[in-house]
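There are 2 protein chains.
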Amino acid sequence: MIPKPYLLFLGDAKDDLAIKTAAGISYWKPEWCIGQLSFSNAKATLNLPELSIEKAVKSGAKTLVIGVVNAGGVMPENWKQTLIEATQSGLNIASGMHTRLSSISEIKSSAEENNVELFDLRFNDQTFSTGKGEKRSGKRLLTVGTDCSVGKKYTALAIEKAFVKNNIKASFKATGQTGVLIAEDGIAIDAIVSDFISGAVEWLSPDNDEDHWDIIEGQGSIFHPSFAGVSLGLLHGSQPDAFVVCHEPTRQNMRGVKTPLPTISDVIDETIKLGSLTNKNIKCIGISLNTSAMTEGIGSLKQEIENEFELPCLDPLIDDLTPFVNQIK
Amino acid sequence: MIPKPYLLFLGDAKDDLAIKTAAGISYWKPEWCIGQLSFSNAKATLNLPELSIEKAVKSGAKTLVIGVVNAGGVMPENWKQTLIEATQSGLNIASGMHTRLSSISEIKSSAEENNVELFDLRFNDQTFSTGKGEKRSGKRLLTVGTDCSVGKKYTALAIEKAFVKNNIKASFKATGQTGVLIAEDGIAIDAIVSDFISGAVEWLSPDNDEDHWDIIEGQGSIFHPSFAGVSLGLLHGSQPDAFVVCHEPTRQNMRGVKTPLPTISDVIDETIKLGSLTNKNIKCIGISLNTSAMTEGIGSLKQEIENEFELPCLDPLIDDLTPFVNQIK
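Order-wise, the sequence lines are chains A and B. The first sequence begins at 1220 in the working numbering and counts up one residue at a time. The second sequence begins at 1220 in the working numbering and counts up one residue at a time.
Incorrect hints may have been included.
Identical chains share a label here; the pair holds if one copy fits it or two copies do between them.
Below, a list of computed lysine-lysine pairs in the DSS-like style, where the Cα atoms sit at most 30 Å apart [claimed, not checked]:
no., residue 1, residue 2
1, Lys1354, Lys1502
2, Lys1354, Lys1477
3, Lys1548, Lys1492
4, Lys1351, Lys1233
5, Lys1233, Lys1354
Keep in mind the hints are simulated off the structure, nothing from the lab.
All chains, full assembly: derive it from the sequences and hints.
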């Protein structure tokens, strides 16, 4: 368990999607977050007090959480400076980056000198087997997407809440660094050695009671040229009985590449096609619409999608999700 | 470069597929292999002299190559003993296992004491970017499969030979530990962190002359519940112009799992469907039939497959591959 409360580090975030880790924690666990720390050139912010390290420590912060992705995976020099300062002020550091904090010698030695801890959430000491593809007991729901960063984690967390509220046994299963930070459990699947993707998911979502649902956070998209391998291994390992397609209707190209977005229909068809390898009964139970970038036409778009697929279309941050729950009853 | 010649270690191999690394090296690089070392309970063998470590060293062996897969990824105690003995006799050790040789303290310290090297071929110090999905110059052919261990590497190596013989510029690109041992180049893609599967393949097969073909070794199968994620990332990163489907017609279930094999037709259709994300012009140019376990009916089966798909069907270890070459001309 990471000592709380947190100071969320936003650095020089280039856009809103770059701070999705910080945004996720502050949305789902506001009680853990006492402030944010961003550089003057940051292009994104949260609605949290802007605190210096000194002020954050005075306010009781115990851990600085890196809430921003670093372009290219290399830690910029000015971040390093701030992180060292944090350790010198007695803050632990938590990170979901591919680079281990402890692999950066100045940060490692400063943490040791100042007796604070470094938490690398993307790493897991667990040894996995390769996937078996055999049916496990219990039920599973997976959130899949037309792209990265469209709301798969939020949807899964909101569905878990809705299931529990409706007296259905359900557990959120985190598969990314932000999800792991929120749930304080799970596996960052994109950091697993590729031979073990589906095996790691089988481990994450083992046999369970027949009436229990694992609500598994999806990753990427089977149509994303960078990450489809992760998405497919996650689909096979999850062997979902049900899936929800997450979509952000204003997105033009897939995140970080020039590839156009697939349609919701493409995603439904291909997820059923590929997912039936490990669960013949896989079916789509609804569409999760991320309307955060829309100002008008939300109602009519939802209606259009509901008519096309004859399935509920809901924004999980706005709408009551009972229609999704009713689909699985 | 690993010092040669090699003593191929077969240990207590449980079946022929378990020694596919040793078999691959001895088939493609017989001049590198002076003998094999197997335990009395081994259930597979090569046609190489059985040599003790002492005899192998006297015969000039420089490196013991682990040519067998270890079930479950844990190194058995009796292997460890033999490997330590090898280092004590002055042999280097090369391994393609997921476990680093240097992570086994007794082996590491014995190698240091005896001044021999440990080669962990599955690991690569290269840092990769995530895949971009953009078209690169030059041409690419990928071997795909109805299963693991059906002949994707042999097919790729044989196609490279046939292309070169027909004066077409071609390079074999290894993507697995055996391929890397044979080519002394390449990347074991299944050991890459899953976020970088397609990016690593983009790195492995960069821009090239327009008339140059990379012949890329496939891995697993998009229908294998353990490894489909690797296969899909490899397909997207390869962005193949052409692919050959490799098939072993006597195989009942997919290797290591209870899932039945897909048909050749399933593999062609789904490879085109998924592969068109990064190359709209992807097409199947032939079927590679691994007839090593067949005793009769080979000719008629080939004919049947050729008729069904209107494509050449060849056994790359028996037949002349000019028909494949003609397909890409």
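Alpha-carbon proximity context of lysine 1351 and lysine 1233, limit 30 Å: For lysine 1351 and lysine 1233, only the inter-copy Cα distance (19 Å) is at most 30 Å; the intra-copy one is 41 Å.
Lysine 1233 and lysine 1354: within-copy, between-copy, both or neither at 30 Å Cα: For lysine 1233 and lysine 1354, only the inter-copy Cα distance (27 Å) is at most 30 Å; the intra-copy one is 43 Å.
Up to 30 Å CA-CA - lysine 1502 versus lysine 1354, copy category: within (16 Å within a copy, 34 Å between copies)
Intra- versus inter-subunit Cα pairing at 30 Å for lysine 1354 with lysine 1477: between (37 Å within a copy, 11 Å between copies)
Status of lysine 1492 relative to lysine 1548 across identical chains (alpha carbons, at most 30 Å): Classified as within: same-chain Cα gap 23 Å, cross-chain 34 Å, threshold 30 Å.
Hint compliance for this structure: no hint is broken.
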